[in-house]
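Going line by line, the protein sequences match chains A and B. Take 1 as the starting number for the first sequence in the working numbering and just add one per residue. Take 1 as the starting number for the second sequence in the working numbering and just add one per residue.
Be aware that one or more of the hints could be misleading.
Since the list gives no way to pick out one identical chain from another, each pair is judged satisfied if it fits inside one copy or across any two copies.
[Unchecked claim] When the alpha-carbon atoms are kept at most 20 Å apart in a straight line, the in silico SDA-like pairs for lysine to any residue are as follows:
| hint | residue 1 | residue 2 |
| --- | --- | --- |
| 1 | 162 | 216 |
| 2 | 162 | 152 |
| 3 | 103 | 142 |
| 4 | 65 | 226 |
| 5 | 103 | 228 |
| 6 | 65 | 75 |
| 7 | 65 | 151 |
| 8 | 65 | 104 |
| 9 | 65 | 181 |
| 10 | 103 | 143 |
| 11 | 162 | 144 |
| 12 | 103 | 44 |
| 13 | 65 | 41 |
| 14 | 162 | 194 |
Note that these hints are calculated values from the structure, not bench results. Owing to the predicted nature of the structure, the values given are computational and were not obtained by experimental measurement.
If you want the building blocks of each chain, they are given just below.
Protein chains: 2
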Amino acid sequence: MSATPSTKPAASDTADNRDAPTRCRILEAATALYAEHGFDNVSLRQITRAAGVNLASVNYHFGSKDNLAAEVIASRVNPINRQRLDLLTSAEQLTDGEPVPLKAIVRAFLSPMFSFVASDPEAGPMNLKLMGRCMSQRDLPMSEASLPLFREVTRRYPDAVKRTLPDLPVEVIQWRMLFSVGVVAHAMLHADLLNRITGGASSRLDPDTVMQQAVDFCTAGLRASWQPD
Amino acid sequence: MSATPSTKPAASDTADNRDAPTRCRILEAATALYAEHGFDNVSLRQITRAAGVNLASVNYHFGSKDNLAAEVIASRVNPINRQRLDLLTSAEQLTDGEPVPLKAIVRAFLSPMFSFVASDPEAGPMNLKLMGRCMSQRDLPMSEASLPLFREVTRRYPDAVKRTLPDLPVEVIQWRMLFSVGVVAHAMLHADLLNRITGGASSRLDPDTVMQQAVDFCTAGLRASWQPD
DNA sequence: GTCTATAGGGGGATAGAC
DNA sequence: GTCTATCCCCCTATAGAC
């Protein structure tokens, strides 16, 4: 009945691990290394070295290397999908049965992906890269809690768009929503490269500006006219 | 002076290796494995096993594992960038000094990415995935011939768009072109997943259809109105 | 050009002491 | 909970015979 768990702690999204400093340090070190080198190019030894903990502690706290990666990924992806669903619910309540304006749908869908980035100015670039890697990688280790959230997002958002743009076929809506994820994923993954290529003088890396640009681009793309064959 | 090189053959894009079956077999096996498992998750042993050649032959023909990956990547990326430049040149000659219509620019930019996919119906899905991996991966091993092509593409295309949409700031154009790459990259990388999620009945995986959709989406996105802050 | 054999290093996981 | 030590695997690259 103690406040601190006496058994192996369960996976959680909230990272309230103040009483388990090693576990927390492992998560932080793994997060930074995954962002920098990609999920496939980081060894347990790199992680434990960076965290200043013992090699065996990863297997004790997470069970396996894959479980550690799954927890890092879930800590970023699950809150985003929950926020997407909350924002869409709010928008639908505001319009009171009427179709939600397209731009509001797109903003509710894309803006949660930037919430981690804006929260911390120091860790911003790292979070940007990590989010990009999460979204543009196939076959990521996925925790159990992630799948139902994904399914609900992929169900409710096309429905909302369909109510706003009733003439657009559902398959086209689904493709265009996939396109929209690609817009943000690719921008996050290569944001620093664009700055380097273009000289970096004028194009600031301000996440809010990028998000505005992405929302404008995707809203226009979703609204593009469509002619049946 | 013989037709067949007597020394270690140099890297080439055209894959005219009929006289060197092992080298060609290695390239083919590596291509398929990279598409299936990603560039970071394939060992030389897997490649040589699948190709039915000796382990040491990779180092003999390519020098190192990274050089092999670089050649596979260049064999896909370089022709695309060359075709992009050729198509833009053709379009500019057609309009004879006038700005090129936006949709023609977007099509010249995106359609080469689909040329490998459409060419072979059997290897289509593999080429789709490989192209997606090429575009949505950071820090790929790059051959020397790739960089100048990339630079010319990133110079000429924003210029062309600027002539067609003179009111759009260059930085915004660059962001939106990066968005457009993300659209295609993400769609290619996850095309099969979308089919599985949506049931796969109605949304055909026809590459031409997807390309049309991507062109429409990106053209509308590039044309989106933009208000200065 | 192709092969065998091996060097030499890093990988994930775990047993068992504390 | 934490640590050391170790097992056993797979990896890339290369030397040297054919």
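Going down the list of hints, with the structure as the test:
1. 162 <-> 216: Classified as both; 19 Å inside a copy, 18 Å across copies.
2. 162 <-> 152: within (16 Å within a copy, 40 Å between copies)
3. 103 <-> 142: neither (30 Å within a copy, 39 Å between copies)
4. 65 <-> 226: neither (46 Å within a copy, 46 Å between copies)
5. 103 <-> 228: Only across copies: residue 103 and residue 228 sit 18 Å apart there, 24 Å inside one copy, limit 20 Å.
6. 65 <-> 75: within (16 Å within a copy, 34 Å between copies)
7. 65 <-> 151: Cα proximity of residue 65 and residue 151: none, with 26 Å in one copy and 39 Å across.
8. 65 <-> 104: Close neither inside one copy (39 Å) nor across copies (48 Å); limit 20 Å.
9. 65 <-> 181: This pair counts as neither: shortest intra-copy Cα distance 27 Å, inter-copy 32 Å.
10. 103 <-> 143: Answer is neither; intra-copy 31 Å and inter-copy 42 Å both fail.
11. 162 <-> 144: For residue 162 and residue 144, neither the intra-copy (29 Å) nor the inter-copy (47 Å) Cα distance is at most 20 Å.
12. 103 <-> 44: neither (43 Å within a copy, 48 Å between copies)
13. 65 <-> 41: Answer is both; intra-copy 12 Å and inter-copy 15 Å each pass.
14. 162 <-> 194: Between. Shortest inter-copy distance 18 Å satisfies the 20 Å Cα cut-off; intra-copy 34 Å does not.
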